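Throw the hints in and build the complete structure from the sequences for me.
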Amino acid sequence: MTTTIKLSRRTLLRGAGAAGLTLGAGPITGFPNVIAAEPVTLRYLGTAVNQSGDIARKVKEDLGITIEYIPVVTDEVTKRVVTQPNSFDLLDTEYFSLRKLIPSGNIQGMDARRIKQADNITPVFTRGEVGSKKIGDQGTAPKKVFYLEGQNAKTFAGSATEWITLIPTTYNADTLGIRPDLIKRPVTSWRELLNPEFKGKASILNIPSIGIMDAAMVIEASGDYTYPDKGNMTKAEIDRTIKVLIEAKRAGQFRAFWQDFNESVNLMASGETVIQSMWSPAVTKVRSQGVACTYQPLKEGYRAWASGFGLPKTLTGRKLDAAYDFINWFLSGWAGAYLNRQGYYSAVLETAKAQMEPYEWAYWMEGKPAERDIKGPDGSVLEKAGATRDGGSFEARMGGVACWNAVMDENTYMVRKWNEFIAA
Amino acid sequence: MTEAALPALADAPIAPAAASLAAKTRRRRALAYVQAAPMALVFGFFFLVPLLLTLMVSFWEYNEYEIIPAFTLQNYVDVFEGCLDTGNACTTLRTYLSTLKFCALTWVFTLLIGFTVAYFVAFHVRSRNVQMVLFLVCTIPFWTSNVIRMISWIPLLGRNGLVNDTLMGLGLIARPIEGLLYSDFAVVLAFVHLNTVFMIVPIFNSMARIDRALIEAAYDAGATGWQTLWNVVIPLAKPGIAIGSIFVITLVMGDFVTVGVMGGQQIASVGKIIQVQMSALQLPAAAANAAVLLGAVMLMIVAMTRLIDLRKEL
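For the record, the sequence lines run as chains B and P. Going by my numbering, the first sequence opens with residue 30, and the numbers climb by one from there. Going by my numbering, the second sequence opens with residue 28, and the numbers climb by one from there.
Don't take each hint at face value.
[Claimed, not checked] Capping the alpha-carbon separation at 20 Å, the derived lysine to aspartate or glutamate pairs in EDC-like fashion look like this:
| # | chain 1 | residue 1 | chain 2 | residue 2 |
| --- | --- | --- | --- | --- |
| 1 | B | K108 | P | D211 |
| 2 | B | K264 | B | E439 |
| 3 | B | K264 | P | D211 |
| 4 | B | K278 | P | D211 |
| 5 | B | K272 | P | D105 |
[Said to hold, decoys possible] Derived coverage of chain B by chain P (criterion: at least 3 residues anywhere in the stretch with Cβ under 8 Å from a Cβ of chain P; other residues may be distant):
| # | segment |
| --- | --- |
| 6 | 101-112 |
| 7 | 435-442 |
FYI, nobody ran anything at the bench for these hints, they're computed from the structure. Since this is a predicted model, take the numbers as computed values, not measurements. Each residue gets a CB set at the ideal place from its N, CA and C atoms; glycine is no exception.
Following this line, the structure appears as structure tokens:
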């Protein structure tokens, strides 16, 4: 059914394009129009991580659209959407913040019929599956917030509709980073983060909503308590989690907490910490400094996150068309391959695969040993031939997701308790 | 000089002139108001209005994505949650105690260092030009940003940092001293480093205005160096000390970056609590915390001005 729609739309576009060519000029709604018209600038609000100059250059070449990045931190993105919804044309944010953004009424549902690859978006998002296997959905799993009841609805739909909240840009599965050269033994469980063996050499990230999830992974791994949903704790569960953290802190377990990417890199590279919550590109950066660092897969699984494009409600006319064009371009392969080469995952795997060398695809996505040196998007060598990716293939990594970054119902209480932990 | 002259003038006129004088006084007063108006407007617009808005919002309700005009004391209740439980200090009390501790330590060290430096430059350096050069030298480190000056301590103090490496190389210690970085010590060190200049400048300014004849008089009267310092220099440098203290204390009270970076984010500060709440969009809660912080800082300043009457001294 959906395939027919897509095919017919493609045929229609092709027809329209041909018609446009034969007739010379003439108003055609749809993306070919934008290329011909005077250039459009899209103000792209998001975190710096996803805002690459290469992507902006390439899209300027391909579509003539100018991308103007507004780089801020994740929390600031949410704040901007809620308080200044007119200050951007395109939004790139994490799925968990949708629980704040959608009720604010400042985001419009995206019309799935205008997204050419809508049906090819990986089922990680649409159904919470990878390789037809269900993956962990604790926390704000994207499938819970992927569809809206209607374009301007303030509630999420339980099943697939034609209104999509965010079109995925990047996503990944996070775990602990370790210094294998200093630990000198295998690490297999989240429990190790609070192991007294690493007293004064551990770190956790000081972003309450993410830090508490890592803490919950540790507590579950130690067998103390099993949460019905780590991403949506009750007050009692929050108290219990914070209590464990406070005890560990008072016992001197933590060397420091980190809040941004570079802090985590410095802590690990300088040997201040040997085990800590970490993000994938930070591990790559430590390694690129010649310091051994492993993004250690753990038996309890990963804490996953995902971000995607959204449209502000106020966006209309040519800018709206340009935004759809940009998103369609983003899903068409080049950008996906670019992101995959950085260790992230892209929304539509098939189109990205077409833009990657087979040996690259085998290393990044299939978890196979690298046939040749693996290079980053900038051409620098990331891994020597023979290396394999930490955690293995896409299916092994995303399939091993235990929970997703989340905004809890008791978020206010949690933030207060987190402050208590920092003050303890 | 002028202060002494004005009362004399005011005493001079006699009764019949009183009526015209009143008119003159009124006009002069009106003029004074006009002269003060630009500053008052700027102050009102950029300080009083935002402050009142903050106070207003601190009584509002909020949820994940909006703040709701209402009147509730809940935000203040949350600030002081658990503070009646005497066995275990609440978050707010703990945080303020920790901040006050940093205030006190930073104040003592910046005062000692600042006073000594200012004293040296003001009294031991004879030439005016050399004085000015040395004074400018004191400010050179402040040409770079706060954050950079702070971060530059990290490679020095870290577990594998210069200090630990040197001490171990000399065989003075067997294992690295962990407490150098991400500790109270590191925070105080950075605060003293960052804020001493705010003590030096006003104290130097006060000292430069001390009449040298007074020092000579003290010497002639047989005072020892310490007696002169204690009974002549310090009393006359009091306004500088008070102004410097106000600078240092308000800067430390409101700081969260230094405590965050040097304390490895493990040490709480009021500013950090407010920042975390702001980033979670809990603006009314942050406003309530800000109001409490403002009250605390104002109390401290009132206490200080009780000790030294700044207006009189200036």
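Cross-check of the supplied hints:
Straight-line distance between C-alpha atoms of K108/B and D211/P comes to about 33 Å, which puts the hinted pair past the 20 Å bound. A C-alpha spacing of about 7 Å is found between K264/B and E439/B, which places the hinted pair at or below 20 Å, so the restraint holds. Our distance criterion of 20 Å between C-alpha atoms is broken by K264/B and D211/P, whose separation comes to about 32 Å. Proximity of K278/B to D211/P is assessed by CA-CA distance (about 15 Å); at most 20 Å being required, the pair is judged to hold.
The hinted pair formed by K272/B and D105/P meets the criterion: a straight-line CA distance of about 19 Å does not exceed 20 Å. Using a Cβ-Cβ cut-off of 8 Å, 6 residues of the segment 101-112 of chain B lie near chain P, which meets the minimum of three, so the contact claim holds. With a threshold of 8 Å between beta carbons, the proposed coverage of the segment 435-442 of chain B by chain P holds, since 3 of its residues qualify and at least three are required.
Violation of the numbered hints given earlier is confined to hints 1 and 3; the remaining hints are satisfied by the structure.
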